[in-house]
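Participant: Take a look at the letters that make up each chain.
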Amino acid sequence: MNHPAPTKTPVLRLTGVTLHLGRDQQQVTALDEVDLTVAPGEFVAVTGPSGSGKSSLLAVGGGLQSPTRGAVHVAGVDLTTLKEHQRTAHRRRHIGYVFQHANLFTSLTAREQLLLTAHVAGRLDATTRRRADDLLEAVGMTARAGHRPDRLSGGERQRVGIARALVLAPEVLLVDEPTSALDRARARDIVGLLAEQTRLHRTATVMVTHDHEILDAADRVLTLRDGRLS
Amino acid sequence: MFLALRDLRVARGRFALIGAVVGMIAVLGVILSGLASGLADSGISALRALPVTHLAFDRSASGELFSRSTVTTDTARRWAGEPGVRKAEPLGQQLVHARLGGAGGKQLDLAVLGVRPDGFLAPPPLSGKPLSGDPNGVLVSEEIVKEGVRIGDHLTAGQAGTRLTVVGTIGRASFGHIGVVYAPLPLWQRLHYGLPGALPDAAAHQATAVALQLAPGTDTGAIDHRLGTRTVDKAGTYAASPGYTAESSTMTLIRGFLYAISALVVGSFFTVWTIQRRHEIALLKAIGAATGYILRDALTQAAVVLLAATAAGTAVGLVLGGALNGSAPFSLQADQVTLAAVLLIVLGLAGAAVAIRRITKVQALSALGGDR
Chain A
1 MNHPAPTKTP VLRLTGVTLH LGRDQQQVTA LDEVDLTVAP GEFVAVTGPS
51 GSGKSSLLAV GGGLQSPTRG AVHVAGVDLT TLKEHQRTAH RRRHIGYVFQ
101 HANLFTSLTA REQLLLTAHV AGRLDATTRR RADDLLEAVG MTARAGHRPD
151 RLSGGERQRV GIARALVLAP EVLLVDEPTS ALDRARARDI VGLLAEQTRL
201 HRTATVMVTH DHEILDAADR VLTLRDGRLS
Chain B
231 MFLALRDLRV ARGRFALIGA VVGMIAVLGV ILSGLASGLA DSGISALRAL
281 PVTHLAFDRS ASGELFSRST VTTDTARRWA GEPGVRKAEP LGQQLVHARL
331 GGAGGKQLDL AVLGVRPDGF LAPPPLSGKP LSGDPNGVLV SEEIVKEGVR
381 IGDHLTAGQA GTRLTVVGTI GRASFGHIGV VYAPLPLWQR LHYGLPGALP
431 DAAAHQATAV ALQLAPGTDT GAIDHRLGTR TVDKAGTYAA SPGYTAESST
481 MTLIRGFLYA ISALVVGSFF TVWTIQRRHE IALLKAIGAA TGYILRDALT
531 QAAVVLLAAT AAGTAVGLVL GGALNGSAPF SLQADQVTLA AVLLIVLGLA
581 GAAVAIRRIT KVQALSALGG DR
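Top line first, the protein sequences correspond to chains A and B. Counted from 1, the first sequence has number 110 at position 110 by our numbering; the numbering is strictly sequential. Counting from 1 along the second sequence, just add 230 to a position and that's the residue number in our numbering.
These are calculated hints, taken from the structure and not from any lab test. Treat the numbers as computed from the prediction; the structure is a model and nothing was measured. Mixed in with the good hints, there may be bad ones.
Incomplete in silico selection of chain A near chain B, CB under 8 Å [to be verified]:
#1 Leu-82
#2 His-85
#3 Thr-88
#4 Arg-91
#5 Ser-107
#6 Glu-112
To list a few chain B residues with every Cβ distance to chain A over 10 Å, as calculated [to be verified]:
#7 Ala-445
#8 Ala-545
#9 Ala-594
Each residue gets a CB set at the ideal place from its N, CA and C atoms; glycine is no exception.
Use the sequences and the hints to build the structure in full.
Facilitator: As structure tokens, this is what we get:
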């Protein structure tokens, strides 16, 4: 089943992706012949019940896990043809992740979370520092930039997580259950911010969520059920 | 180092704890190093100071060579005529009891080295007169001076009550933890045989070993074969000093265990630390950090802790060691202290490296979902 973004060149393309987990009789099919294309500036939401394969979709789409079959193209390169260290390098250059519960580093301030990402990529220069400050301002965190995660609320942590994912201007943004620990108002706020940043930075964004009340911000909504995308 | 230094700042309590442990090990390392050097000095400083390259002992002697070997002055003379031999003289060694003054005076133990007063083994005095003129005149080391012996004092030594006159002093010199006295060879022979009056003719030609200055490459084996001796290089003679080998082995063993323990302690700490950081390591990998980057970061963290703690511990050890000096056989030597510090850092890093290796097994995938 294909879900193209017809008028734009996709930067994320999954073709016939199948992922089996476990072995022998314990084996389950997490993804089953999944086709997906996402164009720059497009915000795609993928929903589905727990265990439907949502996190597997993000893992395969970001090169954290190799599919059993199929191809995963990110910025023109098939991740399945790369070795692990090459996939890591490609992820560093082209993919940003927003994690469930934000997943911030406990010893770093909000601003340092962004700078670490730049440091990891060897791009901690004045330009990146300025971009980090601009992003923190864009997500409304300038006043809290010097605070560590234990001094931030859940919504603030997730805002920092979004800014961190965007600091190196990735072409692809993969978002994992960003609102699972937030109340209704904060959840809408965060998803609105994601949609805004997606359009502003022209990222191809895929957000997986089981929260049906935040889907209206997405350009497309797809459903995963038993590993099949529809 | 971006994350490593910030972790150190935020988790300073935990790192201070391991730092304190490493620091205390460094203190112990300095103290043990000083004790090992001090004991070695106390055991062999007189041998170290001898201006020789080798000593030739009686071939039949073994183990405690200095107390079991007897050579003759004729053997020394024949050694002097051998090719490659620059200097050869008889050397006597004898441990004796003595009293300062006469009966009822302070009791002393003396390590008497018998040398020719005009020979190359006779040390120049730091104060007083050299070994010549007075046949009963002796030079005493700093260790004997600390016992209250002064120039001009008389010592009554050995079974025969041989009278020694202190004519001069030398620097620190001890043998088998006993202060050294340099005596003319004939006086040493009287002390060695403990006989009153004139010595028998045979005894008047005996010494413990032949002190040698040899040219490099001298074939000592062939000369030993001809002269019935066993030549040992200078460092090799240290093992013949009473208790030296046992003391050195014990100190080496203790220090070895100390460093092994430090590697295990540091390794254990970083094992727990790495396990606690598993999720952050997965997160680092997910945002694109190469394994090498994370390993370097973690090793830098371990190195900073080890360097800081070892430097602080070594400084404290030096202060404590300075306070110990004089009340125990203790001698701080820069190379030994540096070696102790470097060993602690290197072995600690090795322990940390083994622990940190776990980083390679952490999967970036676990940063996703609720898997934490």
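Participant: Are the hints correct? Go through all of them and say.
Facilitator: Hint check:
1. Leu-82: violated, 13 Å
2. His-85: The hint holds - His-85(A) has a Cβ within 8 Å of chain B, the shortest such distance being about 6 Å.
3. Thr-88: holds, 6 Å
4. Arg-91: This interface hint holds because 5 Å falls under the 8 Å limit.
5. Ser-107: holds, 4 Å
6. Glu-112: holds, 7 Å
7. Ala-445: Per Cβ check, Ala-445(B) is outside 10 Å of chain A; nearest 61 Å; holds.
8. Ala-545: Nearest chain A Cβ is 28 Å from Ala-545(B), so the label holds.
9. Ala-594: violated, 5 Å
Consistency note: the structure conflicts with the earlier hints numbered 1 and 9.
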